[in-house]
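Chains as they are written, first to last, in this note's numbering: chain A, 1 to 268; chain B, 1 to 250.
Treat the hints loosely; a few may be bogus.
[Stated by the list, open to error] Straight-line Cα separation of at most 25 angstroms, SDA-like style, residue types lysine to any residue; simulated pairs:
| no. | chain 1 | residue 1 | chain 2 | residue 2 |
| --- | --- | --- | --- | --- |
| 1 | A | K167 | B | V97 |
| 2 | A | K223 | A | K167 |
| 3 | A | K79 | B | L232 |
| 4 | B | K64 | A | A119 |
| 5 | A | K79 | B | A192 |
| 6 | A | K85 | B | D99 |
| 7 | A | K85 | B | T142 |
| 8 | A | K167 | A | K79 |
| 9 | A | K138 | A | A153 |
| 10 | B | K64 | A | R252 |
| 11 | A | K138 | B | Q177 |
| 12 | A | K85 | B | V139 |
| 13 | A | K85 | B | V97 |
| 14 | B | K64 | A | E128 |
| 15 | A | K126 | B | F151 |
| 16 | A | K85 | A | A250 |
| 17 | A | K226 | B | D99 |
| 18 | A | K79 | A | L62 |
| 19 | B | K105 | B | V94 |
| 20 | A | K79 | A | K223 |
| 21 | A | K138 | B | D99 |
| 22 | A | K226 | B | V157 |
| 23 | A | K79 | A | V213 |
| 24 | A | K85 | B | C162 |
| 25 | A | K85 | B | K64 |
Quick caveat, the hints were computed from the structure, so don't treat them as lab data. All of these numbers come straight from a predicted model, not from anything done at the bench.
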Amino acid sequence: MAATKPQGATPSRREMIDRLAEQRGQAQVSVSRRRANTVQVWPHLMIRQFIATVVITLNTLLLGVLINAPLVEIANPEKTPNPSKAPWYFLNLQELLLHMNPALAGVIIPSVALGALAAIPYIDNKPEGTGVWFYSNKGIPVLIFSFLYTLIAEIALVLIDAALPAKQWIGGLIRGVFGVPKDDSAASFQGQLLEALSGWFFPIGVIVMLALVLGFLVRLIWKANKSEIVIAMFTGFVASYVLLTIIGTAFRGHSMSLLWPWALGETS
Amino acid sequence: MANSRKGLGRFSPGSLYEGFTRSQIYRSVIRNPWPNNARTRALAVMNSVFLHLQPTRTRPEAIKITYTWGLGGISFLFFLLLTITGVMLMFYYVPTVPDAYNYMKELQGTVSFGQLMRNVHRWSAHGMVITVFLHMCRVFYTGSYRPPREFNWVVGVVLLFCTFFLSYTGYLLPWDQLSFWAVTVGANMAGATPYLGELVSLLLLGDKSVGQATLVRFYTLHVIAMPLLTALFLSVHFWRIRKDGFSRGL
């Protein structure tokens, strides 16, 4: 068979991109020419699928044999555990809840995130480079930079908010500017202004600024085009998701206070 | 070959097998010849209800494990494992408050392999959420969402939401403290929706707070409504891969 293996050593990224572009052009060409570089699905793909199935099934069975799913005491609406945590894949949202208005953290940001995810192919819509990992030479450095940038920025934000909560200093600012005594009740003008600023404007401002600065830096350092900026944004999203999940799992203890993992303690 | 044994009679070595494979029963079930050459193997893929989603030929670079790591397929495998273990669990679980918890205890203590089914179900659920997320990352970093595959990416985002929702609805069913309060936290977040908050909360919980109505609602969503919806979107998702072409050809 002419091509059961790619010719020569593993092709470079550039070669791969060119080869795939050529293949796309061949869609209008005769079947026999397109067939020339193909192999049979049975056995080549089927054997890979079979091995993957067996490996994953056996490993899951093994995990199932070794580690039991948790089952604590029966549900009791009168007794709230402390801390009361969401399932791990929602812990990142619960972490956001601690820093901004609940409607913003729990509804608007996830909806915008899902919407932005769905919109990606309509923003980055040039097919050049499809089918190759990190389809440009700048792809990997942009990814690493975005990942580290997001990690550092978010850890800093969580620590700052733990040391000096936004509600506190914004409240102090309002009282200073207006020269009024403290009145945080929800109905008062001061309370509503505080909520609007610390719960909405400040968090939205921080998130948007961080994203814009990331895009700006990536553009500045690597002269990134649209594709690479999209890589930066997506990597920022993935890094946020992972980091906030880790913080929610391992660093939030009683009353969702920030603690070292070994000091987390039991759920009461 | 089979024909060369014509003179040997009914009870010679090999004739039982050949007799069976030439019988009407066998030929009515298995329509293709044994897949041991290029033609019969292509036929086996093309004529099989389960396999004919795949093409009969593909490019070698498309099936390199290091390209996709098989993440989409593994996600689907976890979905199948979850369905099978889920059905097993359904034989012994009833969504009543507070008996649901006792059914869980029975499943774990009395039912043969009940603990194993539950554990595999739980691990597969975690596995599916993780693999689906990694699959999304793979598709993104290989640029496999670009035209003509945009719609398939959108279907994929819908499937991501389906995966999370399936996991969330399933989380309530054991009816222990973890379940109850985790779902309460999630429902409070949903109830914070601007303007529609109360309606969303009522739609989700079936009541003012998590209770019997919620359990039945989540059970129905978890065992039939969401799996059907997910299967529907999965069909479209797989079909689009064939129609748009796999990102490395064919």
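Here's how the hints hold up against the structure:
1. A/K167 - B/V97: Measuring from Cα to Cα gives roughly 40 angstroms; hence the hint is violated.
2. A/K223 - A/K167: Distance of about 39 angstroms is beyond 25 angstroms: violated.
3. A/K79 - B/L232: With a Cα-Cα distance of about 40 angstroms, the restraint between A/K79 and B/L232 is violated, given a limit of 25 angstroms.
4. B/K64 - A/A119: Violated - the C-alpha atoms of A/A119 and B/K64 are around 29 angstroms apart, more than 25 angstroms.
5. A/K79 - B/A192: The given pair, whose Cα atoms are some 22 angstroms apart, holds under the 25 angstroms limit.
6. A/K85 - B/D99: holds (24 angstroms)
7. A/K85 - B/T142: Given that 25 angstroms is the threshold and the Cα spacing comes to 35 angstroms, the pair is violated.
8. A/K167 - A/K79: Not OK: A/K167 and A/K79 at ~29 angstroms, beyond 25 angstroms, violated.
9. A/K138 - A/A153: holds (22 angstroms)
10. B/K64 - A/R252: Status violated; Cα separation ~41 angstroms.
11. A/K138 - B/Q177: Violated. A/K138 to B/Q177 sits at ~48 angstroms, over the 25 angstroms cutoff.
12. A/K85 - B/V139: violated (31 angstroms)
13. A/K85 - B/V97: holds (22 angstroms)
14. B/K64 - A/E128: Status holds; Cα separation ~21 angstroms.
15. A/K126 - B/F151: At roughly 15 angstroms apart (the allowed maximum being 25 angstroms), B/F151 and A/K126 satisfy the hint.
16. A/K85 - A/A250: Holds - the C-alpha atoms of A/A250 and A/K85 are around 11 angstroms apart, at most 25 angstroms.
17. A/K226 - B/D99: Violated. A/K226 to B/D99 sits at ~56 angstroms, over the 25 angstroms cutoff.
18. A/K79 - A/L62: violated (35 angstroms)
19. B/K105 - B/V94: holds (12 angstroms)
20. A/K79 - A/K223: Violated, at about 56 angstroms.
21. A/K138 - B/D99: Not satisfied, since the Cα-Cα distance of roughly 58 angstroms exceeds 25 angstroms.
22. A/K226 - B/V157: The hint holds at about 21 angstroms.
23. A/K79 - A/V213: violated (45 angstroms)
24. A/K85 - B/C162: Holds, at about 21 angstroms.
25. A/K85 - B/K64: violated (40 angstroms)
Against the hints set out earlier in the document, violations occur for numbers 1, 2, 3, 4, 7, 8, 10, 11, 12, 17, 18, 20, 21, 23, 25.
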